[in-house]
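J.: Here is how the chains run, residue by residue.
2 protein chains.
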Amino acid sequence: MAPKPEITIHDIAKKLNISASTVSRALKDNPLISEATRKKIKKAAIEMGYRPNVMAANLRTRRTNTIGVIVPLINRHFFSSVISGIEDVAYKQGFAVTISQSNDKLEKESTIAHSLFSNRVDGLILSIGMETQSYDHLKLFSERNIPLVFFDRIVEEIPAHKIVVDDFGGAYRATQHLIEQGRKKVAHIGGPLNLQIYAKREAGYRKAISDAGLQINENQILHNSLTRQDGLNAIKSILKTKERPDAIFCANDTTALSAIIHLKERGIKVPEDIAIVGFSNEPFSELVTPSISTIKQPGFEMGQKAAELLIKQIGSKTKPKAYETIMMETELIVRNSSQRK
Amino acid sequence: MAPKPEITIHDIAKKLNISASTVSRALKDNPLISEATRKKIKKAAIEMGYRPNVMAANLRTRRTNTIGVIVPLINRHFFSSVISGIEDVAYKQGFAVTISQSNDKLEKESTIAHSLFSNRVDGLILSIGMETQSYDHLKLFSERNIPLVFFDRIVEEIPAHKIVVDDFGGAYRATQHLIEQGRKKVAHIGGPLNLQIYAKREAGYRKAISDAGLQINENQILHNSLTRQDGLNAIKSILKTKERPDAIFCANDTTALSAIIHLKERGIKVPEDIAIVGFSNEPFSELVTPSISTIKQPGFEMGQKAAELLIKQIGSKTKPKAYETIMMETELIVRNSSQRK
DNA sequence: AACAGAAATGCAATCGATTGCATTGATTAA
DNA sequence: TTAATCAATGCAATCGATTGCATTTCTGTT
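If you read the protein sequences in the order shown, they are chains A and B.
As numbered in the UniProt record's numbering, residues 1 to 341 make up the first sequence, in order.
As numbered in the UniProt record's numbering, residues 1 to 341 make up the second sequence, in order.
Certain hints may be false.
[Stated by the list, open to error] Calculated pairs, BS3-like style, for lysine-lysine (alpha carbon to alpha carbon, straight line, at most 30 Å): (1) B:Lys-184 <-> B:Lys-269; (2) B:Lys-105 <-> A:Lys-28; (3) B:Lys-264 <-> A:Lys-296; (4) B:Lys-184 <-> B:Lys-200; (5) B:Lys-200 <-> B:Lys-321; (6) A:Lys-185 <-> A:Lys-296; (7) A:Lys-200 <-> A:Lys-139; (8) A:Lys-43 <-> A:Lys-28; (9) B:Lys-317 <-> B:Lys-296; (10) A:Lys-105 <-> B:Lys-312; (11) A:Lys-139 <-> B:Lys-200; (12) B:Lys-139 <-> A:Lys-264; (13) B:Lys-42 <-> A:Lys-105; (14) B:Lys-105 <-> A:Lys-296; (15) B:Lys-108 <-> A:Lys-312; (16) B:Lys-184 <-> A:Lys-139; (17) B:Lys-207 <-> B:Lys-296; (18) A:Lys-108 <-> B:Lys-28; (19) B:Lys-43 <-> A:Lys-105; (20) A:Lys-14 <-> B:Lys-139; (21) B:Lys-207 <-> B:Lys-185; (22) B:Lys-105 <-> A:Lys-43; (23) A:Lys-108 <-> B:Lys-92.
[Said to hold, decoys possible] Pulled from the structure, derived: some chain A residues nowhere near chain B, Cβ distances all over 12 Å: (24) Pro-5; (25) Asp-11; (26) Ala-96; (27) Val-97; (28) Arg-228; (29) Lys-240; (30) Thr-325.
Keep in mind the hints are simulated off the structure, nothing from the lab.
Predicted, not measured: the structure shown is a model, and the values here were computed from it.
Where is the CB? At the ideal position from N, CA and C, for every residue including glycine.
Please work from the sequences and hints to get the whole structure.
T.: Below is the structure:
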């Protein structure tokens, strides 16, 4: 069976004995076209199974009505929440969303950025990968004035709107909470410091400790990529240090989980012997035993905000006078891994 | 600062005093162009910061080198594994991947399908939503001979390649395993029967029961959308039935989780009083207490296979003579929720 | 030196929708 | 009745890359 032929505005025009321009205008509800012809044209379009060729329109208008999104991993609750927030706003405003994951690899992030650029997305929302320390692939966008919005893992130096959570405050609260539970020796499993979020979390942690007049044991502050395996290595290494800590603040829930599992295996009680707080409120954190105290980030709202700012910027011809950095509040969720019994 | 101007092949041509066609051919390594000019052109292209306008090329060639993917939810381990598999194959072959989620809503699924169609994706890979029972939005693609590959939640009636897991076999093994543990009264929390996967899981369950010469209590077979809440309602309703079951086979891990949590709250022991097996091997299933026995599906491999079949089909002008249905093997993972102590 | 044949390059139409600038036709005012 | 005005429609160029066909430039042969 032969495929249905593509119907163009010219086909509609020919059938109705009018010009293609009129058809084009009518379909876009241009008020120049009379009510009568517009209805006639729309009817014919539906009957003939017309579907606009988006590429042709994009070529002419130099807009794609598409937003590119790059995240490290779509399979992380936080990131997929953000994506849902972006989609929520974008779809309502007639934008399509193209989602890609960098897998935290600079090379893939760069490939994707180039591809999105060549595909002429109208704007880009992204959270950089753990490896990303050079930004040539992002210059592409700024050079051509293509709006860019960062969220969560931002690049301080690049002028663009930024949506972050209060990592410092969240970490401060988390650590403070451990101290309030009577802990005196709080260790920290942190992420790579080239990512601002992890630097800020560490800073919040340090501030809370020093505000409480406690000491930091620098051997008990570790940095890694925060995977399950990294978390395991980290907790092992912490347990080997001289003065075993009585609490750990982990920069994400994954390492908190590793720690808890390993401690259970070693017969060390959580939270009695070592209390633990994570970060991000991954869905599993309330399911494991003990459930993990953590910091909740408003992912969906961040996505909405990012999309709003981006679309606003896409709409205006001029560069924004100033770039905003919007900081969203976090919330400490106290569960069993940290609570004094 | 003014944005960098767009560089086109015409700009390169002008600069080198040659024609745009030669530039176009050289950049695509067309053997008609001599080695010397090709090098010259490529050098100039890089220097000038040329980036091809994909839309223009697409318009002319009627190909986008883009694959559309629609899944119910990207935030499900199984689906994001499939997506990773698709990306793995697609990127290597020079295809971009556009990912969208239907949120299990027919309306959104339809909107997305239309949008992908209008954007002229070269092919579509999808897993239909729970609500989807009409397929007009998919006819678009078959009418225009745009290749389509289903995975997991397939539509039997539509001619297309299909990648499925052995739901029947998996469910059979799961149920059989419960019976092997000495269980005699196995209930079932199932999904909507319009989705083949759930129909097959139920069928596998029924077959295992009858093969073992046991009885099915039809009151203890429930159907719902398999959310946390649905699972809670289901377990409550099962507990109200006359003869309380001693095992439950759940069509996904989410409802298995709901059941376990509710049973714990009620002081009913898992697996001693009621043993439970889920389906899909969600990451949380090994983390909760008791850990959930489940059926593992090879998501990544399914994605790879789907992308391979799709791309093969995109490459060939003719329709495939026959459509394949590829069934991938599942694996029973026995954990604590079902194991006789 | 002349020419066939091959190799390299150029010309111009094309993909389908959009849009600035006419042009047509109808309506109104004088 | 005629000029002026406005509403509705059409013309044709344009976006940038591709490609069938024509043309030019080489190469080798006699």
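J.: Please go over all the hints and tell whether each is borne out by the structure.
T.: Now the hints, each set against the structure:
Between Lys-184 of chain B and Lys-269 of chain B, the direct Cα distance comes to roughly 17 Å. Compliance with the 30 Å bound is thereby established for this hinted pair. About 28 Å separates the Cα atoms of Lys-105 of chain B and Lys-28 of chain A, which keeps this hinted pair within 30 Å; it holds. Between the alpha carbons of Lys-264 of chain B and Lys-296 of chain A the distance comes to roughly 26 Å, so the proposed pair stays at or under 30 Å and holds. Taken as a hint, the Lys-184 of chain B and Lys-200 of chain B pair is honoured in the structure, with Cα atoms around 21 Å apart against an allowance of 30 Å.
The hinted pair formed by Lys-200 of chain B and Lys-321 of chain B meets the criterion: a straight-line CA distance of about 27 Å does not exceed 30 Å. Our distance criterion of 30 Å between C-alpha atoms is met by Lys-185 of chain A and Lys-296 of chain A, whose separation comes to about 24 Å. Under the criterion of a C-alpha separation no larger than 30 Å, the hint pairing Lys-200 of chain A with Lys-139 of chain A is consistent with the structure, at around 25 Å. Taking the CA atoms of Lys-43 of chain A and Lys-28 of chain A, the gap is near 14 Å; set against the 30 Å cutoff, the hint holds.
For the proposed pair Lys-317 of chain B and Lys-296 of chain B, the alpha carbon gap of about 36 Å is over 30 Å, so the pair is violated. At most 30 Å may separate the alpha-carbon atoms for a hinted pair to count; Lys-105 of chain A and Lys-312 of chain B meet this at roughly 28 Å. Between Lys-139 of chain A and Lys-200 of chain B, the direct Cα distance comes to roughly 51 Å. Violation of the 30 Å bound is thereby established for this hinted pair. Taking the CA atoms of Lys-139 of chain B and Lys-264 of chain A, the gap is about 54 Å. The hint is violated against a cut of 30 Å.
Distance restraint check for Lys-42 of chain B and Lys-105 of chain A: the Cα-Cα separation of roughly 28 Å lies within the 30 Å cut-off, and the hinted pair is therefore satisfied. For the given pair, Lys-105 of chain B sits about 27 Å from Lys-296 of chain A by alpha-carbon distance, which is consistent with the 30 Å threshold. Proximity of Lys-108 of chain B to Lys-312 of chain A is assessed by CA-CA distance (about 24 Å); at most 30 Å being required, the pair is judged to hold. Taking the CA atoms of Lys-184 of chain B and Lys-139 of chain A, the gap is about 65 Å. The hint is violated against a cut of 30 Å.
As the CA atoms of Lys-207 of chain B and Lys-296 of chain B are separated by approximately 20 Å, the hinted pair is consistent with the 30 Å bound. Taking the CA atoms of Lys-108 of chain A and Lys-28 of chain B, the gap is near 23 Å; set against the 30 Å cutoff, the hint holds. Distance check on the hinted pair: Lys-43 of chain B and Lys-105 of chain A sit about 28 Å apart at the alpha-carbon level, within 30 Å; holds. Distance check on the hinted pair: Lys-14 of chain A and Lys-139 of chain B sit about 26 Å apart at the alpha-carbon level, within 30 Å; holds.
Pair hint Lys-207 of chain B plus Lys-185 of chain B holds up; C-alpha atoms about 14 Å apart against a cutoff of 30 Å. With a C-alpha separation of about 28 Å, the suggested pairing of Lys-105 of chain B with Lys-43 of chain A holds against the 30 Å cut-off. For the given pair, Lys-108 of chain A sits about 12 Å from Lys-92 of chain B by alpha-carbon distance, which is consistent with the 30 Å threshold. Not every beta carbon of chain B lies more than 12 Å from that of Pro-5 of chain A, the smallest distance being close to 9 Å; the non-interface claim is violated.
Non-interface status of Asp-11 of chain A relative to chain B is upheld: no Cβ of that chain comes within 12 Å, the nearest being about 15 Å off. Look at Ala-96 of chain A: its CB is around 6 Å from the nearest CB on chain B, not clear of 12 Å, so calling it non-interface is violated. With a least CB separation of 7 Å from chain B, Val-97 of chain A falls inside the 12 Å interface cut-off, contrary to its annotation. Non-interface call for Arg-228 of chain A relative to chain B: violated, since the shortest CB-CB distance, roughly 10 Å, does not exceed 12 Å.
For Lys-240 of chain A, the requirement that its beta carbon stay farther than 12 Å from each beta carbon of chain B is met, with the minimum near 26 Å. Here Thr-325 of chain A stays apart from chain B, with its beta-carbon at least about 21 Å from theirs, past the 12 Å limit.
The structure is inconsistent with the numbered hints 9, 11, 12, 16, 24, 26, 27 and 28, although it conforms to all the rest.
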